[in-house]
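Trainee: Below, each chain spelled out in residue letters.
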Amino acid sequence: MTGTGGPTPLLSVDDLSVEFRTRGGVVRALEHVTFHVGRGETVGVVGESGSGKSVMSFALMGILDAAGRVTSGRVLFGGLDLVRASAPELDRRRGREISMIFQNPRTALNPIRPVGQQIADVLERHAAVPRREVRRRAVEMLARVQVPDPARRYAAYPFELSGGLCQRVMISIALACSPALLIADEPTTGLDVTTQAAVMDLIGELAAETRMATLFITHDLGLAAERCDRIVVMHAGHVVETAPTAELFRAPRHPYTARLIAATPRPGVKLADLAAIPGGLPDLRGALGPCRYSARCERHAPICDGGRLPLVDTGAGHLVACRIPL
Amino acid sequence: MKGLLVHGRYLLADNRVTFAAFLLFLAFVAAAVLGPSLVPYDPLASNTAEALRPPSRAHWFGTDQLGRDLLSRVVVATRLDLAIALAAVALAFSVGTCAGAAAGFYGGWTDRIVGRVIDTIMAFPLFVLAMGIVAALGNTLANIVYATAIINIPFYARLARSEVNVRREMGFVEAARLSGNGGARVLAVHLVPNSLPPMMVQVSLNLGWAILNAAGLSFIGLGVRPPTPEWGIMVAEGAAFIVSGEWWIALFPGAALMLAVFCFNLLGDGLRDLIDPRRRT
Amino acid sequence: MVGRRFAAALPGLMGVVVGTFLLTRALPGDPAAFFAGPSASRQAIEEIRARLGLDRSLVAQFGVYVRDLARLDLGTSLSTGQPVTRDLLARLPASLELTLSGLLLAVGVALPLGVLASTRPGSLVDHACRVLTTAGVSLPIFFTGLVLVYVFYFLLGWAPAPLGRLDAFSSAPPPRSGFYLVDSLAAGDPAVFLASLRQLILPAVTLGLFAMAPIARMTRGGMLGVLGSDFVRTARASGLSRGTVLFTYAFRNAMLPVITTLGMVFSFLLGANVLVEKVFAWPGVGSYALEALIASDYAPVQGFVLTMATLYVLLNLAIDVLYGIVDPRVRIES
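Residue numbers (our numbering), protein chains in the order written: chain A, 1227 to 1552; chain B, 4 to 284; chain C, -17 to 316.
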């Protein structure tokens, strides 16, 4: 397990594996994914597109596509294994203790239902708020996420709102019942930079207010660096490295992490000097070795192909899955 | 040629239902073409001594109220029913495609006028309009064909118009134009042939519907007169005998009708899956 | 909003009026002889020609035609001797009762079937739904009706003889709405209610089966599409109850394509009505037009086509309005 002492983590993902049955074969989208999120922590999950980040978040919430199956592992949240929980048990927690916000806020909202009503639906379902109170509480939530003119905006439809406003509405739906954990799946992709910053600030403020933990999923390492206490790096369905943010950037131990950091735009570095990561993600349908980064790794050696890769603790909460770490 | 056959066999193997429908289609075509020469009895020959006999070894489908052999009549009727549907769809296809393609290509007044005519036709419940047309033009077989054609024109016109609209701005059209081809030539030689595959799907589906329509019109007494063997009118003749239990007179022509429509629908669905697998339901 | 939609329906109505005009006046041969009927004398033909203004220009004729329509004058039936308008009004309730029952039956079965099929893909219900939709669109409705009569009347004896709205022993209830089911209840006559119901079942089922196929197909397709959408995923992630997710979120959105399909369904239904009325000897406007057609009595046929077309335009208007109610994007953006 993770090896850090201290209080039980809020969310504990242990050896999670997910596969999809498709026409082209079985896609092993996630394998032996292990990490945890403590109460009040902000953890970032970063990786390229296709690294399995979103699949993992869907598996946590139990909203995987019908073709997807959890083949091993467990997800402990508040004493319950989310993977093996029954639908009613899951429903009691989803939206109330553990919530999620998605990419593409406009399509993630019901297009023919007023946004305020969508917030009210969650309040009615989980917070046992009496009918008369519901509308007022929903307007309150809209105000809390800094939607201007919230009383009027209650009756607005998603297509009448900008992308940024839609994302705020989604946040208010997710946070309406003050969950202990918020999973944010690429919440700022598709928004302009100013709105991105505003949305991230909002999430940060609300999280601080209620000591809510955030699992922040993104392909943008720079963004994760700014906002997260700890970072989990994923590649092709594997967790390759986990560390507190500063530690990760100071001394990355997995070759992939080092390359990711080198490829991330930052002040002082010219775009032309950024190094792209060679190769591409392996085909997840074929036979795969224990380390899925081998094909792209310049440090690859025969030892890398023998047996399953363990996540090794190198101290101070820094874990890496590599036979020949940096 | 060999490559085509191999490819064809591969396609059909993957789509067994479509293949079965295709075989059924061939059976119908065979019945239409060869039927009249192969049937055991003369479809028009009446034999009152043998009237109203249930299916037996001598008469596989039984006999009707005039003692005519039903199997022969049903098989011979294939030719007429398929011919009516084919003629109607061919007519609707040519007129509709030309009108729609012109509307999509030239735009402006052409588009407006064609649009108006199409909208007017579509403002009527289609079968009712067909009835009205036959009533207006006269109760003949040719008018059944015209009526069925007219109510199917909007379908092809709209399809052609949208297909041409989509392709109008594409590169190969510009190239054709720039090399001096006139509008009509561009339409005929470049645009329409490229729009054909999706239209073929619709033609197959439409054939099924045209058969139903024509049969419906003849069921209510329009177009076909006795003693012509045609599925719709045979069902109408058999209807009177259902209540007294002579089920075979109406059932066999009705079943043939149903099979034919089913066959064309399956074929159309299969073609659609082949051409655009994304639209599978 | 309704006003604007009504205005949008006007071109359709215009088209129907012009269409029927062309149909009846632009005939090959002599329209006057057509309307006078096959056994009319030369003098009768000339009288008709003068009365209908058939000797004047086409434009003037159109004026006469529209004027007559405005006065709800659809001519006179040669067979019944009555004004066509009166005949149609007398027989319309029978057709409406039949069509409405068929439609209600179709919707009542097709919607739940489509929803169930979409939530249980690959199950028995799903396969049944797909068989229904593929077979349903291939079945000739008159054939279905006859098969039902054979099985349920002749073989099983459960249904009454297909002889119209009532059997030989019952008499019609005092007319208020023209719907026997409603009128018999209003008159407090359960025996007649049951008798009319028994006669109505088989024809209504025939029509219903016919309309079920496209509705079930669109419901299933619409639900499948919506169940995989982003906003349903959000609803599930918010822990909303299964019922809320299925009905408030998924179903309402899935209904949009179903409502659009209703237009096509109505077109088929209004035509299929005629066929069903023939099979079951139902005394509605369809059989009225058929009898007139066979007797070469032309005015009723024209009146029938005009009435059905107008009804169809109004039904499409209703569908547009319904769609606007369900989908605010159409309402607000326009």
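Worth flagging that the hints you see were computed from the coordinates, not collected in a lab. Keep in mind the model is a prediction, meaning the values are calculated, not measured. Every residue gets a Cβ at the ideal spot worked out from N, C-alpha and C, and that includes glycine. One should not assume that every hint holds.
Derived Cβ-Cβ restraints for the label pairs, each shown as a range [unchecked claim]: (1) C:A117 x B:T113: 48 to 54 Å; (2) B:G141 x C:P(-7): 46 to 52 Å; (3) C:H109 x B:N18: 16 to 22 Å; (4) A:P1374 x C:R53: 56 to 62 Å; (5) C:V46 x B:V169: 29 to 35 Å; (6) A:A1423 x B:A178: 44 to 50 Å.
Taking beta-carbon pairs under 8 Å as the criterion, some of the chain B residues facing chain C (in silico) [what the hints assert, rightly or not]: (7) L199; (8) A218; (9) G224; (10) A243.
Trainee: Each hint should be assessed against the structure and marked as holding or not.
Mentor: For each hint, the structure was consulted:
1. Distance hint for A117 of chain C and T113 of chain B: a CB-CB separation of about 41 Å, inconsistent with the stated range 48 to 54 Å.
2. At about 30 Å, the CB distance of G141 of chain B to P(-7) of chain C disagrees with the hint of 46 to 52 Å.
3. A hinted range of 16 to 22 Å for the beta carbons of H109 of chain C and N18 of chain B is consistent with their spacing of about 18 Å.
4. For the hinted restraint 56 to 62 Å between P1374 of chain A and R53 of chain C, the CB-CB distance of approximately 59 Å keeps it satisfied.
5. Take V46 of chain C and V169 of chain B: their Cβ atoms lie about 45 Å apart, and the range 29 to 35 Å is violated.
6. Take A1423 of chain A and A178 of chain B: their Cβ atoms lie about 48 Å apart, and the range 44 to 50 Å holds.
7. Hint status for L199 of chain B: violated, given a least beta-carbon distance of 24 Å to chain C, over 8 Å.
8. Satisfaction of the interface hint for A218 of chain B is found here, the shortest Cβ-Cβ separation to chain C being roughly 6 Å, below the 8 Å cut-off.
9. Restraint check, G224 of chain B versus chain C: the minimum CB separation of about 6 Å is within 8 Å; hint holds.
10. Taking 8 Å as the C-beta cut-off, the interface hint given for A243 of chain B is violated, the closest approach to chain C being about 10 Å.
Checked against the numbered hints listed earlier, the structure breaks hints 1, 2, 5, 7 and 10; every other hint is satisfied.
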